[in-house]
Amino acid sequence: AQSVAQPEDQVNVAEGNPLTVKCTYSVSGNPYLFWYVQYPNRGLQFLLKYITGDNLVKGSYGFEAEFNKSQTSFHLKKPSALVSDSALYFCAVRSYYNQGGKLIFGQGTELSVKP
Amino acid sequence: EAGVTQFPSHSVIEKGQTVTLRCDPISGHDNLYWYRRVMGKEIKFLLHFVKESKQDESGMPNNRFLAERTGGTYSTLKVQPAELEDSGVYFCASSQAGVYAYEQYFGPGTRLTVT
Numbered sequence: 001a002q003s004v005a006q007p008e009d010q011v012n013v014a015e016g017n018p019l020t021v022k023c024t025y026s027v028s029g030n031p032y033l034f035w036y037v038q039y040p041n042r043g044l045q046f047l048l049k050y051i052t053g054d055n056l057v058k059g060s061y062g063f064e065a066e067f068n069k070s071q072t073s074f075h076l077k078k079p080s081a082l083v084s085d086s087a088l089y090f091c092a093v094r095s096y097y098n099q100g101g102k103l104i105f106g107q108g109t110e111l112s113v114k115p
Numbered sequence: 116e117a118g119v120t121q122f123p124s125h126s127v128i129e130k131g132q133t134v135t136l137r138c139d140p141i142s143g144h145d146n147l148y149w150y151r152r153v154m155g156k157e158i159k160f161l162l163h164f165v166k167e168s169k170q171d172e173s174g175m176p177n178n179r180f181l182a183e184r185t186g187g188t189y190s191t192l193k194v195q196p197a198e199l200e201d202s203g204v205y206f207c208a209s210s211q212a213g214v215y216a217y218e219q220y221f222g223p224g225t226r227l228t229v230t
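Sequence order for the protein chains is A and B.
Quick note: the first sequence uses our numbering, first residue 1, plus one each step.
Quick note: the second sequence uses our numbering, first residue 116, plus one each step.
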C-alpha cells in the first residue's frame, strides 16, 4: 500500500535558522513526490516536485527538497527560515504506476518560525 | 489566470440534510480531483475526473456521496444525507491533460460542518 509519513506534527524554528520538514514514503515503483503548503485560510499551494533527475530539487520561496531513494525520504529544507514561512506543510506521493494521478498525502507538519 | 475556485467556503448543516459543493477548475484542465481532510488528519483522495468521465472513484466513502462533472467543466459533490463524520475540509484540484507528472492546483477548500 502507498503511504506517506510526516513524523513531526510541529516544527519550531527561530528566524534565520535552517529548517527541515521530514517526509518518508512507501510506494510501488518509482515515486513522484510533491510538497504543498497551506497558509491560514488559504488553499494548498504547490512548492516543488521530484519526478526524475537531480535528487535536489528547488522550488518556490527558497525551499528545496532532497530525494533519497535508499532512505525513501523527501525532506523539505530551507537555509534560512522566515516568520512568513509559518504554515502547514504537506508531503505527497504518487506512484509511476498510478496513471490516474491521485496523490497520497501525509498528515501535515505545522511549521512555526519565531522572530 | 484564475485559479481553482470552490463554493461555498463554509457550510454548516444539520445531520440528514443535503449539501452540494462546487468546484471550478483552471480553464483547460481536463483532470479534476476531489480530496477531503477530516479532523486534522491526512488529506484523502475521493475521486478523479478526466473531462466528464469518472476515472477513479475508489476514495468515495459510500453512496451518500455523488460527484458530477457535466460538460467537463465545473464539478459538484453532493452529500445526501449528511452525517456527522462527513465534517471536514473538501478540496478540489485540477491539472493539465496527459502526463500525470504535472502538479495539481488546489482550490481554497470548502469547510463542511455537520451538526
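These are computed hints drawn from the structure, not numbers from a lab.
Among these hints, one or two may not hold up.
[Unchecked claim] Footprint (simulated), chain A over chain B, 3 or more residues, beta carbon under 8 Å: (1) 175-187; (2) 220-228.
[Claimed, not checked] List of simulated lysine to any residue pairs, SDA-like, C-alpha gap at most 20 Å: (3) B:K169 x B:T185; (4) B:K156 x A:K58; (5) B:K159 x A:E8; (6) B:K159 x A:Q45.
Cβ atoms here follow ideal geometry from the backbone N, Cα and C, with glycine treated the same way.
These are the hints, each one checked on the structure:
Against chain A, the stretch 175-187 of chain B contributes 0 residues with a C-beta closer than 8 Å to a partner C-beta. That does not satisfy the three-residue criterion, and the hint is violated. As drawn, the stretch 220-228 of chain B meets chain A at 5 residues by the rule of a beta-carbon pair under 8 Å; at three or more, the given contact holds. Taking the CA atoms of K169 of chain B and T185 of chain B, the gap is near 11 Å; set against the 20 Å cutoff, the hint holds. Restraint check: the Cα-Cα separation between K156 of chain B and K58 of chain A comes to about 27 Å, which exceeds 20 Å; the hinted pair is violated.
Restraint check for K159 of chain B and E8 of chain A: the C-alpha separation of about 19 Å stays at or below 20 Å, so the hint holds. About 16 Å separates the Cα atoms of K159 of chain B and Q45 of chain A, which keeps this hinted pair within 20 Å; it holds.
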